[in-house]
Amino acid sequence: MSIRQIAGTLGAIIVFGVALMAIFAPLLVPHDPFAQDLNLRLVPPSFMDGGQPDHFLGTDQLGRDYFSRLIYGARISMLIGVATVITSGLIGITLGMLGGFLGGRADMVVMFIITCRLSIPLILVALAVVSLVGSSLTVVVLTLGLLLWERFAVVTRTTVMQVRTLDYVSAAWAAGCSRTHILLREILPNIVHHLVVVATLEMAIAILLEAALSFLGLGVPPPLPSWGLMISEAKDYMFFSPWVIMVPGISLFILVLGINFLGDALRDFLGATRDA
Amino acid sequence: MSTLLDVQDLRVRFNTAAEAVRGVSVRVETGETHCLVGESGCGKSVSALAVMGLLAKGGIRTADRLEFAGQDISRLSERQMSRLRGDKIAMIFQEPMTSLNPAYTVGSQMAEVRMRHRGGSKREALDRAAALLGRVGITAPGMRLAQYPHQLSGGLRQRVMIAMALMCDPELLIADEPTTALDVTVQAQILRLLMELQRELGLAILLITHDLGIVARMAHRVSVMYAGKVVESATADSLFAAPTHPYTRGLLDCVPIPGKVARGAPLGSIPGTVPRIPLGFQGCGFRDRCAHADASCATIVPQQTRQPGHAYACRLPAGWVAEPVA
Amino acid sequence: MLVFFGRRLLVALLVTLTVLTVSFALTRLSGDLAIAIAGPQATEQDIIIIRKAYGLDRPVVVQFVDWVVSAASGDLGRSYIYHEPVARLIKDRLPVTLTLGLTGLLIAMATAIPIGILAAMREGTLFDRGIMMIAVIGQAMPSFWLGLLLIITFGLKLGWLPISGVDEWDGYVLPGIVLAFAAIPAMMRLTRSGMVDALASDYIRTARAKGLSRASIVLKHALRNAAMPVVAVAAVQLGFMLSGSVVIESVFALHGVGYLGWESISKNDFPVVQAVVLFLAVVYIFLTLMADLLNAFLDPRLRTS
Numbered sequence: 001m002s003i004r005q006i007a008g009t010l011g012a013i014i015v016f017g018v019a020l021m022a023i024f025a026p027l028l029v030p031h032d033p034f035a036q037d038l039n040l041r042l043v044p045p046s047f048m049d050g051g052q053p054d055h056f057l058g059t060d061q062l063g064r065d066y067f068s069r070l071i072y073g074a075r076i077s078m079l080i081g082v083a084t085v086i087t088s089g090l091i092g093i094t095l096g097m098l099g100g101f102l103g104g105r106a107d108m109v110v111m112f113i114i115t116c117r118l119s120i121p122l123i124l125v126a127l128a129v130v131s132l133v134g135s136s137l138t139v140v141v142l143t144l145g146l147l148l149w150e151r152f153a154v155v156t157r158t159t160v161m162q163v164r165t166l167d168y169v170s171a172a173w174a175a176g177c178s179r180t181h182i183l184l185r186e187i188l189p190n191i192v193h194h195l196v197v198v199a200t201l202e203m204a205i206a207i208l209l210e211a212a213l214s215f216l217g218l219g220v221p222p223p224l225p226s227w228g229l230m231i232s233e234a235k236d237y238m239f240f241s242p243w244v245i246m247v248p249g250i251s252l253f254i255l256v257l258g259i260n261f262l263g264d265a266l267r268d269f270l271g272a273t274r275d276a
Numbered sequence: 001m002s003t004l005l006d007v008q009d010l011r012v013r014f015n016t017a018a019e020a021v022r023g024v025s026v027r028v029e030t031g032e033t034h035c036l037v038g039e040s041g042c043g044k045s046v047s048a049l050a051v052m053g054l055l056a057k058g059g060i061r062t063a064d065r066l067e068f069a070g071q072d073i074s075r076l077s078e079r080q081m082s083r084l085r086g087d088k089i090a091m092i093f094q095e096p097m098t099s100l101n102p103a104y105t106v107g108s109q110m111a112e113v114r115m116r117h118r119g120g121s122k123r124e125a126l127d128r129a130a131a132l133l134g135r136v137g138i139t140a141p142g143m144r145l146a147q148y149p150h151q152l153s154g155g156l157r158q159r160v161m162i163a164m165a166l167m168c169d170p171e172l173l174i175a176d177e178p179t180t181a182l183d184v185t186v187q188a189q190i191l192r193l194l195m196e197l198q199r200e201l202g203l204a205i206l207l208i209t210h211d212l213g214i215v216a217r218m219a220h221r222v223s224v225m226y227a228g229k230v231v232e233s234a235t236a237d238s239l240f241a242a243p244t245h246p247y248t249r250g251l252l253d254c255v256p257i258p259g260k261v262a263r264g265a266p267l268g269s270i271p272g273t274v275p276r277i278p279l280g281f282q283g284c285g286f287r288d289r290c291a292h293a294d295a296s297c298a299t300i301v302p303q304q305t306r307q308p309g310h311a312y313a314c315r316l317p318a319g320w321v322a323e324p325v326a
Numbered sequence: 001m002l003v004f005f006g007r008r009l010l011v012a013l014l015v016t017l018t019v020l021t022v023s024f025a026l027t028r029l030s031g032d033l034a035i036a037i038a039g040p041q042a043t044e045q046d047i048i049i050i051r052k053a054y055g056l057d058r059p060v061v062v063q064f065v066d067w068v069v070s071a072a073s074g075d076l077g078r079s080y081i082y083h084e085p086v087a088r089l090i091k092d093r094l095p096v097t098l099t100l101g102l103t104g105l106l107i108a109m110a111t112a113i114p115i116g117i118l119a120a121m122r123e124g125t126l127f128d129r130g131i132m133m134i135a136v137i138g139q140a141m142p143s144f145w146l147g148l149l150l151i152i153t154f155g156l157k158l159g160w161l162p163i164s165g166v167d168e169w170d171g172y173v174l175p176g177i178v179l180a181f182a183a184i185p186a187m188m189r190l191t192r193s194g195m196v197d198a199l200a201s202d203y204i205r206t207a208r209a210k211g212l213s214r215a216s217i218v219l220k221h222a223l224r225n226a227a228m229p230v231v232a233v234a235a236v237q238l239g240f241m242l243s244g245s246v247v248i249e250s251v252f253a254l255h256g257v258g259y260l261g262w263e264s265i266s267k268n269d270f271p272v273v274q275a276v277v278l279f280l281a282v283v284y285i286f287l288t289l290m291a292d293l294l295n296a297f298l299d300p301r302l303r304t305s
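Chains as they are written, first to last, in my numbering: chain C, 1 to 276; chain F, 1 to 326; chain Y, 1 to 305.
Pair ranges (Cβ atoms, derived):
#1 K52/Y - Q52/C: 56 to 64 Å
#2 S178/C - L118/Y: 49 to 57 Å
#3 A140/F - A25/Y: 56 to 64 Å
#4 E84/Y - M48/C: 44 to 52 Å
What the hints contain is simulated information worked out from the structure, not anything from laboratory work.
Idealized CB from N, CA, C, for every residue including glycine.
Construct all of the structure, not just a fragment, from the sequences and the given hints.
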């Protein structure tokens, strides 16, 4: 196996592993992730000095079991990733198909919308929206979904334009198929492999953004164990107990890396482009 | 006449499975035009690039002899070879549209060759560039120097390439299909220009082409290539008068050549395409497409001489006559 | 060329106007501003007073036109918290953000471009593949987490660099590295793919046939043509860096424009939020416009037609 294949396999294992962790979280956790125990604050992981066998990854500043919170955090990251991709995918693919398929004026409008979206400072606007509407998981998902569609739109538009002129599409026109039929039955199946690759990239970006928003205190509200929020809450203690930011940070890093590896492998496998 | 470029048994491969050039021997004499002719894919361009040391990444070159003006160039380092390229040996290519750098002016691209090999000021180099542009038939050379490649037509760009090749008075010009990408009328102009330049400057030209019409007009000597090997080599007169290798004959039957092919005679064709020859291949590469092949063609290919200076690689005797097709 | 520039400018203006509308709508449509400003302890009476005082009782359209007209003349309103003109707040914070952004861009370009070129020259080798793998790994690093790691390592354990504030120039080093880190993978990939294409081109074969030196072939002939997309991306990345500085500035406690935006959001200081969003958008639009012009200048095909 080449390095790339190894990376791809590793990526798939990581992503599916975290997904399983998220789905079966209640069965996996040794402790209630929300239960505080002020007598057991900032206990180091069990493999470090002063650790307790009961708390594999130690406890946080409120004495909550870190391992349990980490597993529940996987739920949030995966949920954010998947839900954002679905929302942004619907918006972006629709816009991209309209622009790429209709061309002309419609395409100019779509390009203009994409340009506007790119000009908006992403993190700041996301922060402002969450702050105004009030922070909750749903609000974060919708905000990210409404902001992260431009790559879907760009890739869909470009690939639709390429596919539109191919012979089998002309044949469908000649056979008298309707526009909707051509768009959904002839074109979409032939660009879907590009979109799958974009989806992995968007999922990684959405997970990182949620973590950044939560880190800044305007993402997922406490006491939910978002990995970004865990880093944020722990950062005041990081000088004396560095592991409090290492544990959620490494988890975030590994998950995003896994998604990127999987995306690259899919790109190689499906022959799609990821850079648009 | 002395030998300017002497290549013996040149071999090139890009991977372990097949050889692109399987032992090419070519001698170019001072001041003559030597045509390397063959179908596309027969290895003629690769041979030229190999001589120049310009093979793409992964290309491996070996040769029994590779001499330019008596100097062994097979063991030159890339740095030493680059001193020779553009100076003593120049090369022009098939694609004038893409062979010039779109980001720099014609003048700057021409001047840098001169400055690299001969030093001197940019002013002097530009003056020479302007003079050469005039020489290759470009009007208002001063203005052209300041222009970018995209502002010139294909024919003009090929003239610029030729003028650029002449910046350091080379002794040998390798021209790889220089007219293939051009309009027919422009083709004729460029060929005429090359002939004039050769006469005037005593330039040796190694002209690579698939077009026998061009060979008939330009060549002093001809080497016919097939599947990575030279199958027949002769003076142009001798070759057209007495083509001997079955492939050469087939090739000549395909094209009407004014004054050489009888009016009204039917044109022939060669069945099949140039095959991929695996490494360690024995015998004649043409045998699968040849009507005259027999069992011996699978093992040995004798080198025969029809007359001094006219060699061919085939088992058939010099005066063989095709049996009439039943 | 002039037509191209004119069209480009028109689009930029339209985009600015749209962003203006969006950033206004953002703060108006998502809730009652007066309640948000007044805070949780406010009485009904307080809210009515605030609504009047800030002109929030006027029709939305009037408020919008008023804001657009003043914004166009450089008046971005007054902060509810600082009681200062927003324009001055931004102006005071701008040097920090700009220095940070440029530091990040400089570090990113100084790293990504040479490595991208080397990877392209050694295309397909272990070095090339290793570099591309590192780029993928780098992309997975959450920037705020990387910032914290650098603070712990270089600021605390080794004590080489300050961990917050920018009293001295070296305060920009760590945040600059974090900011650059996010831009390096994209820039490196682009430099590499541009150089791979350029090095395989016919004009590079010509340059080699002319006997030019390796340095001239790579740095003069290939890089010039590969540079165009990199320039465009560098400008876009600087734009992203400036808006991404929200996160970095809060990690390193740098009081720049991004920090101002974050602070204003947490304190419901909406004139400032509106203005910072608009400001960062305009900077981005300006940068992409500049990138297009620079590309037109670099590419003679665009310049002369």
